[in-house]
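Chain A is already provided as a structure; the job is to place chains B and C with the ligands on it using the hints.
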Amino acid sequence: MSFDATYKEKKLKSVGTRPLRPDGVDKVTGRARYGADFNMPGQLVARVLRSPHAHARIMRIDVSRAVALKGVKAVITAADLPDLTNGNAALYAILDNCMARTKAFYDGHAVAAVAAIDAKVAREALKLIEVEYDVLPHVVDVDAAMAPDAPLLDENLFTQGIDPAPTTPSNVGNRSEFGHGDVESGFAKADVIVERSYKTEQTHQGYIEPHACVASCNVDGTAEMWVCTQGHFVYRQTCADLLGLEVSKLRVTSSEIGGGFGGKTHVWAEPLALALSRKAGRPVKLVMSREEVFRASGPTSQTSIDVKIGATKDGKITAALATLRYSSGPYADSWAETGAMTSFACYDLENVKTVGFEVIVNRPKVAAYRAPSAPMAAFAVESAIDELAHKIGMDSVELRIKNAASEGSRSSYGPIYGPIGIGPTLEAARTHPHMSAPLGKNQGRGMACGFWFNFGGQTCTDLNISADGTVTLAVGTVDVGGSRASLSLIAAEELGISYDDVKAVIADTSTLGYNDMTDGSRGTFSSSMATISAARNAIVTMRERAALMWDIPVEDVAWEEGHAKAVGASYDNRAPLSVKDIAAEAGNTGGPIAGHSELVADGAGVSFGTHICDVEVDPETGATRVIRYTVIQDAGKAVHPAYVEGQYQGGAAQGIGWALNEEYVYGADGRLQNPGFLDYRIPVCSDLPMIDTQILEIPNPNHPYGVRGVGETSIVPPLAAVANAVSDAVGVRMVHVPVSPPRILAALNAKAKG
Amino acid sequence: MRYERPGTIEDAVAMLAQASGRSFVLAGGTDLLVRMKSDDFDADLVVDIKAIPGMDEIAETADGFAIGAAVSCAELAENSALVSAWPGVVEAANLIGSTQIQSRCTMTGNLCNASPAADSVPALVAADARVRVIGPNGTRTISAQNIPVGPGKTSLEKGDIIDAILLARPQPRSGDAYLRFIPRTEMDIAVVGVAVNLTLGADGSVQTARVALGAVAPSVILSEEAARTLIGTKLEAAALGALEAACSAASIPIDDKRGTVAFRKQVAGVLARRAARIAYERAGGK
Amino acid sequence: MTSIAVSTTINGDDVEFLCRADETLLDVLRNRLGLMGAKEGCGTGDCGACSTIMDGRVVCSCLVLGAETEGREIETIEGMANGSDLHPLQSKFIEHAALQCGVCTPGFLMAAKALLAAHPDPTEKEIRFWLAGNLCRCTGYDKIVRAVQDAAAEMRGEGT
Ligand SMILES: Cc1cc2nc3c(=O)[nH]c(=O)nc-3n(C[C@H](O)[C@H](O)[C@H](O)COP(=O)(O)OP(=O)(O)OC[C@H]3O[C@@H](n4cnc5c(N)ncnc54)[C@H](O)[C@@H]3O)c2cc1C
Ligand code: FES
Ligand code: FES
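Protein chains in written order, with my numbering: chain A, 3 to 756; chain B, 48 to 333; chain C, 1142 to 1301.
Isolated chain A, as found in the complex (with noise of 0.2 Å):
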């Protein structure tokens, strides 16, 4: 039977409550087992030998010595991770990235790493491991990596998508474009242009649980895998490429992780503790510093953009312009093309082009850092939306609104919408105490919005009913944030029993079909599309044993709240059978009753967003404060409105950090300055207001509940709602994030000086 998964509105019992999470009381008595909790016998510790150069060529590395030390039990190079990537340069770049092989593209790139009996000795391992570097010429700037005279990374790399190809190599890897109509003749249109450039700083998605694995390889071929990850089924596939293993023979269990936000969606040194385990012959740990996290994991892009605006004086956009450089680490992946197709997702435009370039530069390689590239390219051009409001002397919510994309607009990257929420959040934060409550002296206010696509993608899941009649529900995809109530919830409403009765687990890749990862918001969105399916399979059981046991033909038999009901006068009002009652005769009608579900979830549902900040700005200082926030933004169904609105202050908090304080410090050096919480500053509790939320439920189509995505969203419009707040604040616009001090002195004595 095929699942339909198309919206259709209906009351619901489950589906939007807010019941107690089934992993709370192990994570508040400390008994959740995170990435770094779980040990095996004879287990070896890890360390990674990490290049202190920004760019630097591996003359020769001289292992003997470490290899000689008591205790010490393997060490690796990359001569142990033989190249098995076939020519595809994606997975190159992640082998190279797990250990370099011919050169250190960036300070903490790992060039070898040991397996010993304890930490100490490991420690000491690797003072004894020699690499003679021949140190080259780095680049850590964006910008400065697109000069005609920068040092180059990769002497074969020829900027993709110019025609004609160019004939010079660069740093450029790729260019990208989108847009529809003509910008120039929609600037010819234009009364009023506003055209600036903005800068953003590499951020960290700073996770507080660094990442961590035990890995142990066996003679026969076979191997196992404990990790923190968002994926644990890529993590099995990009292992098993990477070493040369067999897909099946690799089983790989999620512990709980300790935070994500697409960071735990790449390996890192995942592959060299199994490649450890496989030459030691013994079960590997490996758990990487705060430092090491820093220095050598999924940090987001640093960008460089220019946005140009036209608009006619009674607030019309007649076109719109941005170009986006994004740099993307050492190796050219698609951050820049992303955020170029996200840029001005908000707005209906007649005339709009975007144009990317992907960028290699010597720091680590980018992951996915929520929403990615999403919150840049936003930053850009809702500022330039706001100083277009103030320059036509228009209210910034009503140029917005009148702008908005709705139902039937040709997005800027190309999809027709359908029913979408950008307009409803403008019209909510309009109306909105927030938006209308005086501000202070030094007080400032700004707005802005944001867009996010969602994905879906590749879903298994497996929903047992025991003999008790209550469900254990075996779903794929990594937990980051409380989709296990979310889905336990979603399986109760469906099957029609009661939330206490289900009991949701994360399966390892062993016991449950392919899943993609937990990224682009898809948790809960396509696990609880394949719950549904997987429960509705359970009902189509539940019916035929329920016909067994009346002994009447399964076409008599409806399900109706929970219950298997016999209908027609001629059954006389025989009792409805519960699904305990019938899981209770299971042995006896067939055995077992289970539900199951393979699926692609398509139309993840693009999911928008409005936030609304107030500053405080001390003048002479710089120092900065918000007071105030508020997050407006479209769920589709918020499922558990609690863990609903988690998502949208984390994401908020996240989005704060990064456009007041967070940024990658490098010394002329290309090192690293800020390795540690301490010097990277993400929000502290008492940084922050309350984060009040509201949630709007534009039912997404395509999923039978409404679901939209909700993770992600969250952290785009932050930056421009801050750095607006903050122009506001000090009457100067501020382009460059984060808006730190030092950056907030400096215009303001700019300012002062005329």
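These are computed hints drawn from the structure, not numbers from a lab.
Glycine included, every Cβ here is placed at the ideal spot set by N, Cα and C.
A hint or two may mislead.
Straight-line distance between alpha carbons at most 30 Å, and here's what the computed BS3-like set of lysine-lysine pairs gives [said to hold, decoys possible]:
#1 A:K122 x B:K200
#2 A:K755 x B:K84
#3 A:K201 x B:K200
#4 A:K105 x B:K84
#5 A:K310 x A:K191
#6 A:K13 x A:K201
If you want the ones that stay clear, here's a sample from chain A, every Cβ over 12 Å from chain C, calculated [stated by the list, open to error]:
#7 D120
#8 Y415
#9 A568
#10 D620
#11 G652
Okay, now just chains B and C with the ligands, sitting in the frame of chain A:
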């Protein structure tokens, strides 16, 4: 590495004096343990001074206060006599780190760590604090200002232990204050720090002033030029303007991950002005 | 023999262990005593995930040497619930959805417990500053602060 917890200061001094390799005093450990995490760190001996009787006490004498070297900064705030005598010193010490760090960190450790950005140090210097040093050659008392001599460097010699920080009983009509600039509200290291300690005459004008600047030079600066701008004034706008300019001029900071030269110089002046006002009010000035 | 023998009290029980001089309390709890509730988010005192209570004060266990705990009283997250009765803070954290990934939660609970012992009726500002040494990247702190406020009210007998 060896860990020792002697029961007397004599034993502690002897252990350190006789140690062959690198040795360290351990107070709250909030600097030392962080350094120990680094792969480059090596120590042969760590001498924990917290079991030495008296080290964890704040003694109030006729002359003032002797703050034992193992007294945590959290405990400083719980001593009301000290808080009312030296509010600026205590508030500076209480700015260090988080609640967790406060439970452990000490002012002596802050001083001996010799970070240019140490928060309690400008306040101690403005308060003209002295420290009692016990070493292989006996006991001496020296100015706190003379302990740090550069980033990570102190004037202490092998075997020297500070056993207490000494603060005089404040003069009548005096007050002190410390302000620092950090980008967040907590958990940052000072980008600039300024301490001001004032004594007023009967007419309410400033009689003596001490102005100390942190994080704007390799070690704390006690600026006499800055102090001079306040003497004889009632902190009128002109005096505060002169103070601001003097503090900016006295600052010789560097550009680093925490701030720029221009920012530090400018904000040093701003904070000095604000700290002076607070100290003045605490001294009873209007 | 380079190890040090230490006798201490953990969650009310007498505990003896051996450790090297450079091992932290966090190392000892996690690697020697199997008490893995305290997490290592940084190892350098910056995140608070390793918070434990020592002689009544909340500390970063990553910044305490195991050897220093001789004769001290240590409280960890594993001892927070009374048997199967959760501490009000634990219940309120679950109720208010004050955790997402939960890796910061043990540290927050330890710090909040110390807060309420010292200040039974804290203001929002006091809560926020007291907890500033505990980083949470998931929640934006909103629901954590509310959970602490609510638990404080319940513990004062004001119930909600
Ligand atoms: C997360 C975090 C945040 C921090 N925030 C701040 C901050 O905001 N402001 C700030 O100023 N500092 C800060 N620090 C640094 C540190 O907490 C302080 O410098 C603290 O005061 C050090 O005191 P301690 O007792 O812990 O020193 P320890 O680590 O015990 O010692 C520090 C140094 O002094 C030596 N020493 C200690 N006592 C003596 C003695 N009696 N005689 C001789 N030598 C001695 C030690 O050998 C060592 O070299 C922070 C540290 C951390 C980890
Ligand atoms: S692990 Fe101790 S504070 Fe982060
Ligand atoms: S809940 Fe994830 S860090 Fe706090």
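A quick look at each hint next to the structure:
{"no.": "1", "hint": "A:K122 x B:K200", "result": "holds (28 Å)"}
{"no.": "2", "hint": "A:K755 x B:K84", "result": "violated (47 Å)"}
{"no.": "3", "hint": "A:K201 x B:K200", "result": "violated (39 Å)"}
{"no.": "4", "hint": "A:K105 x B:K84", "result": "holds (28 Å)"}
{"no.": "5", "hint": "A:K310 x A:K191", "result": "holds (14 Å)"}
{"no.": "6", "hint": "A:K13 x A:K201", "result": "violated (48 Å)"}
{"no.": "7", "hint": "D120", "result": "violated (9 Å)"}
{"no.": "8", "hint": "Y415", "result": "holds (29 Å)"}
{"no.": "9", "hint": "A568", "result": "holds (41 Å)"}
{"no.": "10", "hint": "D620", "result": "holds (18 Å)"}
{"no.": "11", "hint": "G652", "result": "violated (5 Å)"}
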